[in-house]
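As you go down the protein sequences, you meet chains A and B in turn. At position 87 of the first sequence (counting the first as 1) the number is 87 in the numbering used here, and the numbers step up by one without a gap. At position 35 of the second sequence (counting the first as 1) the number is 35 in the numbering used here, and the numbers step up by one without a gap.
Simulated from the structure, these hints should not be mistaken for lab results. Accuracy of the hints is not assured; some may be wrong.
[Said to hold, decoys possible] The list that follows gives simulated cross-link-like pairs (lysine to any residue, SDA-like), each with its CA atoms no further than 20 Å apart:
(1) B:K173 x B:I235
(2) B:K220 x A:N82
(3) A:K128 x B:L152
(4) B:K38 x A:D209
(5) A:K128 x A:V100
(6) B:K168 x A:K198
(7) A:K138 x B:L152
(8) B:K38 x A:E121
(9) A:K20 x A:N54
(10) A:K17 x A:K212
(11) A:K127 x B:Y217
(12) B:K220 x A:K17
(13) B:K168 x A:V100
(14) A:K152 x A:I3
(15) A:K5 x A:N82
(16) B:K168 x A:D25
(17) A:K198 x A:L163
(18) A:K66 x A:S86
(19) B:K220 x A:L163
(20) A:K110 x B:R82
(21) B:K220 x A:I79
(22) A:K61 x B:K220
(23) A:K17 x A:D209
[Claimed, not checked] Away from chain B, derived, C-beta distances all over 12 Å, residues of chain A:
(24) E7
(25) E69
(26) A78
(27) E89
(28) C95
(29) R98
(30) K99
(31) D109
(32) K128
(33) T129
(34) C148
(35) D157
(36) V166
(37) I174
(38) P216
Beta carbons are placed, not taken as given, at the ideal position from N, Cα and C, and that holds for glycine.
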Amino acid sequence: MQIIKCENITLSYNKEKIVKDLSFDVIDGEYICIIGENGTGKSTLVKAILGLVNPESGKIKYSGVKQNEIGYISQTSAIADNFPASVYEIVLSGCLNRKVFMPFYSKKDKEKADYYINHLELDEIKKKTFSSLSGGQKQRVLLARALCATKKVLLLDEPTASLDPVATKEFYEIIYDLNRQHNITIITVSHDIDNSLKYADRIINLSKDSFKIYRPDELITKGDKNNV
Amino acid sequence: MFDLILEMFSYSFIIRAVIVGIMVSLCSALLGVPLVLKRYSMIGDGLSHVGFGALAVASAMNTAPLKIAIPIVVLAAFLLLRISNNSKIKGDSAIAVISTGSLAIGVIILSVSKGMNTDIYNYLFGSILAMSTEDVLLSVILSLVVLLIFILFYHRIFSVTLDETFAKATGIKVNVYNMILAALTAVTVVLGMRMMGAMLISALIIFPDVSSMNISYTYKGVTFFAIIISIFSLISGICVSYIFSLPTGASIVTINLLIYIVCSMIKRRN
């Protein structure tokens, strides 16, 4: 089942067209990786899917998932260094998108936050302040918040950019597990070609003025992994 | 000492000041957390100067000061918010232009309409005698409205303060909450201004929060300690000012400063 469908979208950044006439769809449970050089519009594409920027032309359609029900992890941690907030407070704030009129968190919201805190092994640091955590822990907290905001889709914009190799590997394994065991659709922007090939079902390769979409095995059999 | 404090509370103007002061401190402490974290502290400062200009206009027209000042300052708050969110204009210098401009215009209006008198001093540095019973009632009602709105939107304001992009992506109307925050700040600034004065009111927004950020590391904790610090310094400031015949606003700010120093020392130790 298609859950997101991009039809002939054109995106621009600072009035310059960077993505032209891109069409693809995202199928429920898929793991999609967006790769490409800097300035080819990867982050802009992510923002367009989230509804933060409007495509200049073309349409993005959603079915079975609302635009505000997409969990999101940003490129660099958008949270100020010394922001006083506990892990629990941050994770719980992910539940806000489904509360239209209710001003406070329900018991169900708290149970959900606790579930993901437990699932991502954050119990011990639940009450700690966010700024005191390591890079890997911070990304797991933001992942838990994103999971509270979604049932189905996670969008990740270079989530491992500030992580060391061990934490990166760990993070990709968690994401892969969420994708396979919990049927959460993953759309991730990455510079990390090896991990993209290892986990992704499909790869969208953006380059200046064009794009290619393929499966990882097509790339490996062609042997042009280095030309990506 | 105890007798002196008891005697102090037999004056109705002091009771009025304490009531309005507690309400305003509560509002400013709560609003201060997101304002300081969003680096909007300068907006509070800018608004107090605009408020001075508006009070001068109200005084020249001989009308109720709050009714004129509140709408003007709320509008100014939206303007300042736009300026600081617009990266093309240099936010801090634009705020300085607006705030010093209103201050200057206010001084001219006051001196032309009434001649240089104690009004200017009172508006700049605050006066505990300034409030009538009607003012107190209006101030209490408005502060209750500010508190209610803030509590209803507490979690959303937290989310917007923490991470605007995530909030926007998950469907929270970030601009609406920024505007609510600006409007609430404007009302609080105007309410507190006559007691604290235009020069000192922004201290009430900033000090309790930067102090409590030194001793607590969760959002709830920072909010809680900011309220305690804010109300404690207000009441002790009024007592000090009565006992030693010092200006009230300045006494409250000085106590806040002392608390800030103690809090940063506690942080260093840990």
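Using Cβ atoms and 12 Å as the threshold, tell me whether I174 of chain A really stays out of contact range of chain B. holds, 19 Å
Does the alpha-carbon distance linking K168 of chain B and D25 of chain A stay inside the 20 Å limit? violated, 23 Å
Is the Cα-Cα distance between K127 of chain A and Y217 of chain B 20 Å or less? This hinted pair holds, its Cα atoms lying about 10 Å apart.
Are all beta-carbon distances from C148 of chain A to chain B longer than 12 Å? violated, 9 Å
May I ask you to check that E69 of chain A keeps its beta-carbon over 12 Å from the closest beta-carbon of chain B? Incorrect as stated: the minimum Cβ-Cβ distance to chain B is 8 Å, not above 12 Å.
Given the hint that K173 of chain B pairs with I235 of chain B, test it: the Cα-Cα distance must not exceed 20 Å. Violated. K173 of chain B to I235 of chain B sits at ~38 Å, over the 20 Å cutoff.
Hey, is V166 of chain A genuinely clear of chain B, shortest beta carbon separation above 12 Å? V166 of chain A clear of chain B: closest Cβ-Cβ about 26 Å, beyond 12 Å.
Assess, step by step, whether the Cα of K17 of chain A is no farther than 20 Å from the Cα of D209 of chain A, and give holds or violated. This hinted pair holds, its Cα atoms lying about 8 Å apart.
Should the label of P216 of chain A as a non-interface residue stand, given a Cβ cut-off of 12 Å to chain B? Label holds. Min Cβ-Cβ 28 Å, cutoff 12 Å.
Against chain B, does E7 of chain A keep a CB gap of more than 12 Å to every residue? holds, 21 Å
Is R98 of chain A truly not at the interface, in the sense that its beta carbon sits beyond 12 Å from all beta carbons of chain B? violated, 9 Å
Holds or violated: are the alpha carbons of K198 of chain A and L163 of chain A at most 20 Å from each other? holds, 18 Å
Violated hints, listed in ascending order, are 1, 3, 4, 5, 6, 7, 8, 12, 15, 16, 18, 19, 20, 22, 25, 26, 27, 28, 29, 30, 31, 32, 33, 34, 35; each of the other numbered hints is respected by the structure.
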